[in-house]
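Visitor: Chain residues, written in single-letter form:
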Amino acid sequence: MGKNPDDIYKSADPQVIKIVTEILNLEKEYLFVAKPRGIAEEIINILKKEIKE
Amino acid sequence: MKLLNIQIRNFRPFYGDQEIDFSDTALKKVTVIYAENQSGKTNFVDAFRWAFYGKIQGEHPGQIVNNLALSEVECNETVTGSVRVKFEHENNIFELHREVTDRKIDVDRSEHIADSLKLDMIDSDGRSKERMSPNVVIKRIMPEGLHQYFFLAGENIQKLGEESSREKLQSAIKVLMGLEILDRSKQHLRGKVRSQLRDELGKVAGRDEKLILGELEELEANKANIDKRRNVVMGNRTALSEERDKIDEKLRKDKNTRDIQVKRDRLVAEKKEIENRLKRSKVDIMKRLTEEGFLAFIKNVLSKSKKILEQKRQKGVLPASITYQYITDILESEKCICGRELCKGSEVYTAVEKLRNPETKDEYVEAFNTLGLSVAQLLQVHKDLKNNLIKDQSQLNQHLNDIGQIREKLEEVESQFDQKDYEKERDLIENKRKLDGDMNKANQDIGRFERDIEEIDRRIQEKKKEHEETTAQNTKNRIAKSRLQECEKVADFIEELHQALIHRDRKVLCNRMNEIFQGIVRGREDAFIELNDNFELNVRVKLPDGGTKLLPKGAAQMQITCLSFIASVVAIAKENMDNEGFSRGGLYPLVLDSPFGVMGPDYRKHVADKLPQFAEQIIILVAPQQWDKDIEEGMGDYIGKRYVFHRYTPKPSDKITQDINGKKHILSEYIDKRARTEIKEVLS
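These protein sequence lines are chains A and B, in that order. Going letter by letter, the first sequence gives residues 0 to 52 in numbering that gives the first Met the number 0. Going letter by letter, the second sequence gives residues 0 to 683 in numbering that gives the first Met the number 0.
Quick caveat, the hints were computed from the structure, so don't treat them as lab data. All residues carry an ideal CB built from backbone N, CA and C; glycine is no exception. A couple of the hints might just be wrong.
Stated by the list, open to error - One-sided and incomplete, this derived list gives chain A residues near chain B with beta-carbon spacing under 8 Å:
no., residue
1, Lys2
2, Asn3
3, Pro4
4, Ile7
5, Ala11
6, Asp12
7, Ile18
8, Val19
9, Ile22
10, Ile38
11, Ile42
12, Ile43
13, Leu46
14, Lys47
15, Lys48
16, Glu49
Required output: the full structure, derived from the provided sequences and hints.
Guide: Shown next, in the form of structure tokens:
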């Protein structure tokens with residue numbers, strides 16, 4: 000029996016949750032675009048924003 | 000999404016301008032449209048489909064413009080058919096307008112000559128409009144793949160339960176429950192994002208710092224070693240020099256060799272002196288070239304400047320005849336004669352403007368003279384440079400020549416020592432020559448060591464730079480690695496969440512479907528809907544032994560099952576809007592054509608009782624025979640608007656009416672000409 004969604008959130012690293020939340024909101028914007036262009040770059044930017052040089 | 004209004008003009012059976020305002024409040028969420036069969040129910044659902052996606056599901060999909068409207072115009076005249084849908088989505092109001100214009104060719108034929116699609120977002124003040132890209136917005140609000148669950152014709156409702164619909168069901172559940180978002184982000188993270196982050200890591204893969212430091216250490220050790228060897232040779236050279244000086248002294252004291260030795264001493268001193276002069280000359284030339292060498296490249300500019308100034312002087316333009324008008328013209332052209340922009344108020348502008356003042360004339364003349372003088376001076380310096388360089392070179396050649404001559408004299412002196420007169424001093428002379436040879440070799444060795452040290456110093460500097468760069472590169476490398484690791488962690492998290500949500504959502508969906516299903520098929524507590532791992536909808540019954548068996552898919556039962564499914568999906572999509580830390584789901588209306596079509600009276604009543612709870616907004620199209628007292632009782636309180644489709648049919652038939660709230664309304668009546676459908680509101 001796997002974990003339920005709440006347990007998954009509770010046990011996750013807060014930074015991961017922050018990134019996931021941003022990515023999922025971004026994905027929602029692009030959801031109905033058949034071949035979204037540039038979304039990968041935007042996801043990379045989210046990751047770069049969290050892990051800065 | 001909430002539907003607010005639809006305006007139909009000459010679209011399919013609908014003639015002229017027809018309009019419906021949809022009921023959209025929480026208490027009055029139902030709009031009912033009564034229509035006889037063949038009077039436009041399917042075409043009405045098609046009006047939405049056409050406005051949103053440009054598609055028609057009914058017969059003759061290419062025939063958009065109303066036939067009656069076309070028949071009323073002359074050949075070559077045009078008629079426009081259109082649908083305008085006003086809807087609300089996430090607190091914004093949108094107006095979608097699609098139209099097509101046909102030109103009448105003859106009595107039976109017409110052709111499309113134009114079409115258009117517009118989408119405006121209307122601000123809360125109801126006035127300002129913002130033109131949007133229709134296809135992008137529609138895809139986001141109600142993508143084509145989803146509309147079939149919200150704009151449902153009766154016969155299509157039960158089709159959802161068929162095996163061929165499995166993929167569509169799966170996809171709809173994923174989209175409406177927000178799982179599609181997780182699916183896509185997983186694909187992006189494990190696809191292009193990961194690949195790009197790996198590329199970036201590859202680019203900043205730094206060298207091992209230890210290796211570079213090791214190489215640096217090796218170079219420094221090498222330098223120390225060469226330095227040590229150089230010092231040894233330098234020490235030897237000093238010893239050799241002292242030894243040689245002693246021999247020279249002996250030869251100087253020996254009366255037999257004194258004269259030759261003194262002569263040689265004098266020549267050596269002379270050679271040294273000239274060599275010093277040669278060195279100084281070279282330094283002087285370098286200094287001259289550094290300080291004045293640029294003049295070699297501006298001779299043309301100087302000559303040209305001199306010529307221009309001379310011409311201006313001869314023409315009298317500069318400096319004496321400078322006029323007020325001349326300066327005014329320059330200022331107005333906003334460009335100085337030197338090419339600089341003249342912006343009013345700028346320092347340059349003010350300086351030029353000052354020239355119009357007669358008092359500044361002397362200043363200007365002085366500036367002109369100074370410029371002329373400077374050009375002349377620079378030309379003179381250029382000339383001097385050339386002469387000096389020729390002189391320096393000749394001096395240099397003279398020194399080289401003198402050194403050459405002294406060398407010849409020294410060789411001559413040296414050869415005198417080989418004569419028989421000096422047999423007694425032979426050992427001393429030979430010893431000195433050997434010392435000279437050893438000293439030359441020592442000098443060459445020292446020179447080579449110094450060159451090697453210079454080269455090692457250069458490589459040490461390079462290595463140090465490489466070390467600095469590698470340190471920076473390795474920091475980038477560590478960051479790139481962290482980003483890649485974070486990407487994997489995020490993808491793993493989404494994967495785990497995805498699995499957990501699928502499991503939970505299917506369970507929640509099944510429970511919700513069964514609640515609705517049980518509310519409709521009362522008395523069959525043993526029956527339940529199953530949504531299996533393959534997203535197939537089945538109805539099963541519980542057996543006394545604890546097992547279950549599949550029920551044959553009866554039409555009415557499947558229609559109820561599918562209605563339960565749609566209602567559950569719509570309800571959960573609404574509940575999920577702000578769950579799980581990200582926005583999922585949304586609000587959707589239901590447009591149902593003949594939802595009670597194949598149901599028996601019991602089911603109809605139960606569906607009618609439950610239907611208002613299915614969605615935030617419901618639009619039902621019904622034929623008179625499908626609407627009865629029980630349905631009216633079940634839904635009546637929720638109905639905010641009622642309309643009838645009044646069909647003027649060319650087929651001779653009896654008038655068909657619908658009793659609504661005690662009043663009869665015509666749904667269909669015979670007309671010999673001008674067959675059409677009109678929409679009429681039922682006023683309470």
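Visitor: Confirm or reject each hint.
Guide: We went through each hint and held it up to the structure:
1. Residue-level restraint check for Lys2 of chain A holds (minimum Cβ-Cβ distance to chain B is 6 Å; threshold 8 Å).
2. A distance limit of 8 Å between C-beta atoms decides the matter here; for Asn3 of chain A the minimum to chain B is near 6 Å, and the interface restraint holds.
3. This hint holds: Pro4 of chain A has a C-beta 5 Å from the nearest C-beta of chain B, less than the 8 Å allowed.
4. The beta carbon of Ile7 of chain A comes within 5 Å of a beta carbon in chain B, closer than 8 Å, and the hint placing it at the interface holds.
5. Because the beta carbon of Ala11 of chain A sits about 6 Å from the nearest beta carbon in chain B, less than 8 Å, this interface hint is met.
6. Contact between Asp12 of chain A and chain B, as hinted, is supported at the beta carbon level, the nearest pair being about 7 Å apart and thus within 8 Å.
7. Because the smallest distance between the Cβ of Ile18 of chain A and any Cβ of chain B comes to about 5 Å, under 8 Å, the interface hint for this residue holds.
8. Using the Cβ-Cβ criterion of 8 Å, the hint placing Val19 of chain A at the interface with chain B is satisfied: the shortest such distance is roughly 6 Å.
9. The interface hint given for Ile22 of chain A is met, as the beta carbon of that residue sits about 5 Å from the closest beta carbon of chain B, less than 8 Å.
10. For Ile38 of chain A, the shortest C-beta to C-beta distance to chain B is roughly 6 Å, which falls under 8 Å, so the interface hint holds.
11. This hint holds: Ile42 of chain A has a C-beta 5 Å from the nearest C-beta of chain B, less than the 8 Å allowed.
12. With a cut of 8 Å, the hint placing Ile43 of chain A at the interface with chain B holds, because the nearest CB-to-CB distance is about 6 Å.
13. At about 5 Å, the closest approach between the beta carbon of Leu46 of chain A and any beta carbon in chain B falls short of 8 Å, and the interface hint on this residue holds.
14. With a cut of 8 Å, the hint placing Lys47 of chain A at the interface with chain B holds, because the nearest CB-to-CB distance is about 7 Å.
15. With its C-beta approaching chain B no nearer than about 10 Å, Lys48 of chain A sits outside the 8 Å limit, and its interface hint is violated.
16. A cut of 8 Å between beta carbons decides the hint on Glu49 of chain A: the least distance to chain B is about 7 Å, and the hint holds.
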